[in-house]
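Respectively, the protein sequence lines represent chains A and B. Numbered according to full-length UniProt numbering, the first sequence spans residues 1 to 239. Numbered according to full-length UniProt numbering, the second sequence spans residues 1 to 181.
There may be inaccurate statements among the hints.
Claimed, not checked - DSS-like mimics (lysine-lysine), calculated; alpha carbons at most 30 Å apart, straight line: (1) A:K209 / B:K155; (2) B:K21 / B:K43; (3) A:K209 / B:K43; (4) A:K34 / B:K21; (5) B:K47 / A:K34; (6) A:K227 / A:K209; (7) A:K227 / A:K150; (8) A:K150 / A:K209; (9) B:K155 / B:K21; (10) B:K47 / B:K21; (11) B:K43 / A:K34.
These are computed hints drawn from the structure, not numbers from a lab.
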Amino acid sequence: MERDLPVLLERILPQLALPSDRMAQVRRRIQQRKRRRRAAAAASVLAVGCAVVATVLSPAAFGPEEHRAVPAAAPTGDPGFAQVRLEDPLDGVTVYLPTTWHTLSVRDDHGAAAGFVSSQTLHVPGDGTCPSVTDAVLTACPPLTGLNQKGVLITFLSGDANSTDDAGSLARGVPVSADGNCRAVGGDRQMTGWAHGRAPGSAGGPDMKIDVCLKEPSQLTLVTVAKVLTLLRVSADQG
Amino acid sequence: MNGAEADFEEFVSARGQRLLKVAWLLTGDAHLAEDLLQTVLAKVWPKWGSIADGNPEAYVRKALVNTHLSWWQRRWRGEVPHAHDRLATLAGPGARAVDDFVSVDLEQSLSDVVRLLPPRQRAVVVLRYFEDLSVEETARVLGCRPGTVRSHTLKALATLRARLASAPGPVESGERHAQRA
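Using the sequences and the hints given, assemble the complete structure.
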C-alpha cells in the first residue's frame with residue numbers, strides 16, 4: 001500500500017475550483033493584515049504609555065544568540081514581565097518572562113531545535129551548534145555551566161506527545177527529584193510536561209515538551225515558574 | 001504593478017492549484033483549503049523579496065502545513081468530513097451512484113481514512129507521499145526530529161492499512177439491499 005499511496009492520493013483529489021478572483025482576494029487579505037497590525041501596534045503603545053514594543057528574536061544565522069527579555073506589554077499588565085518569541089522553528093511559541101531572564105535557541109545539523117529560558121545567563125560553547133537536540137539536550141550541549149541556588153532553566157523541545165498534560169497542568173505540578181539530564185546542569189528538582197496549545201489531550205495537538213530544571217527552588221521561584229508556564233502561548237504565525 | 005508583485009502573481013497563477021491540492025489533502029474540505037491557501041499567501045507576501053530567489057513553493061508548502069496545524073490547535077475549524085464534499089468527490093469521473101447505502105471503493109475509503117488521521121500524521125502522509133519529501137525534509141517542515149516523522153509515518157500507515165482492510169469491498173448498492181433482505 002505504501003508504494004501505491006502517491007497514486008492513490010492523486011486519485012482521491014476532487015475537481016478543485018480555480019477562483020478567477022483569487023489574487024484579488026489575497027490582496028484584500030494582505031490589506032486586512034496590515035490594518036490589523038497597525039491597530040495592534042497602536043493599542044500596545046497606548047496601553048503602555050511609552051514607545052516599547054515586543055522584540056522578536058533574530059534568526060541565529062551564525063550561531064545561537066543570547067538574548068535578554070525586553071520590557072513590553074504583558075497580558076497581566078505586570079511591568080516586571082516581558083514578551084519574547086522563540087526562534088524558528090519554535091517561532092510559534094511566545095513566552096512572558098521576568099525582565100531579568102535570558103533566552104537562547106540552538107539547532108543540530110538535522111534541523112531539530114531547542115529553546116531555553118533561564119534566570120541565568122546562557123551560552124553554548126564552540127561554534128554554537130548543538131551536536132544533538134534530543135531529550136538529553138542538557139547533557140549534549142548545556143546552555144549554562146551550573147544552576148545557582150533558586151536558579152531556573154526551562155527547555156522547550158519539539159517532539160512526540162505521549163502525555164495528556166499541558167503547560168497549564170505543568171504549572172500546577174510539584175517538582176520531583178531531577179534526572180540525569182537536569183543534574184548535568186546542577187539541578188536537583190524538575191518538572192516535565194507537554195504543551196498542547198488550547199486542546200489538552202487532543203490527538204494530534206502541538207508537540208512541545210517542556211522540561212523545567214531547578215536548584216533548591218524557593219516558594220517565590222515556584223510561583224514565578226508557574227506564572228511563566230501559565231502565560232505560555234502558541235500563536236498561529238508558524239511556518 | 002511592480003516587479004515583485006508581478007512575480008508573486010505569476011507564482012500564484014502557476015503553482016496555486018498544486019498548492020491547493022496540498023491544502024485539500026490537509027483539510028479535507030474544498031472551502032477550507034482555498035481559505036488556508038489564501039491565508040498563507042497573504043502571510044508570505046511581506047517576505048516575498050527574501051524567498052522569491054530561493055524555493056518559494058517549498059516555503060509556501062511549509063507555511064500551509066504549519067498554519068493548518070495551528071488552526072487545529074485553536075479549534076477554529078472542525079475536522080468532520082463535510083457531506084457535500086464527499087458528494088462532490090463521488091460526483092467526479094468514475095464515481096458510483098450515491099444513495100443511503102453508498103458503495104465504497106478503495107479511493108473513497110482512503111479519502112475518509114486520511115481525513116480521520118490526526119493532523120500531524122496527515123501532514124506527514126501528505127508531505128512524504130504526495131509531495132515526495134524525504135524523512136529529513138519532512139522533519140524540517142514540521143520542526144521535529146526525523147525519528148518523530150518515522151513514528152508518525154508508521155502510525156498513519158498502520159491506521160490506513162487497518163481501516164482499509166476492514167472497509168467493505170466494492171459492492172453495488174443493489175446487492176447490499178438484497179443481502180439486508
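Now for the hints, and whether the structure bears them out:
Simply put, K209 (chain A) and K155 (chain B) have alpha-carbon atoms about 20 Å apart, close enough for the 30 Å limit, and the pair holds. Taken as a hint, the K21 (chain B) and K43 (chain B) pair is honoured in the structure, with Cα atoms around 19 Å apart against an allowance of 30 Å. With a CA separation close to 27 Å, the supplied pair K209 (chain A) and K43 (chain B) stays within the 30 Å bound. Between the alpha carbons of K34 (chain A) and K21 (chain B) the distance comes to roughly 28 Å, so the proposed pair stays at or under 30 Å and holds.
Using a Cα cut-off of 30 Å, the hinted pair K47 (chain B) and K34 (chain A) holds, with the two alpha carbons roughly 13 Å apart. With a C-alpha separation of about 17 Å, the suggested pairing of K227 (chain A) with K209 (chain A) holds against the 30 Å cut-off. Using a Cα cut-off of 30 Å, the hinted pair K227 (chain A) and K150 (chain A) holds, with the two alpha carbons roughly 16 Å apart. A hinted pair counts as satisfied when its Cα atoms are at most 30 Å apart, and K150 (chain A) with K209 (chain A) qualifies at roughly 22 Å.
Between K155 (chain B) and K21 (chain B), the direct Cα distance comes to roughly 23 Å. Compliance with the 30 Å bound is thereby established for this hinted pair. Of the supplied pair hints, the one linking K47 (chain B) and K21 (chain B) holds, its CA atoms being roughly 23 Å apart against a limit of 30 Å. Under the criterion of a C-alpha separation no larger than 30 Å, the hint pairing K43 (chain B) with K34 (chain A) is consistent with the structure, at around 10 Å.
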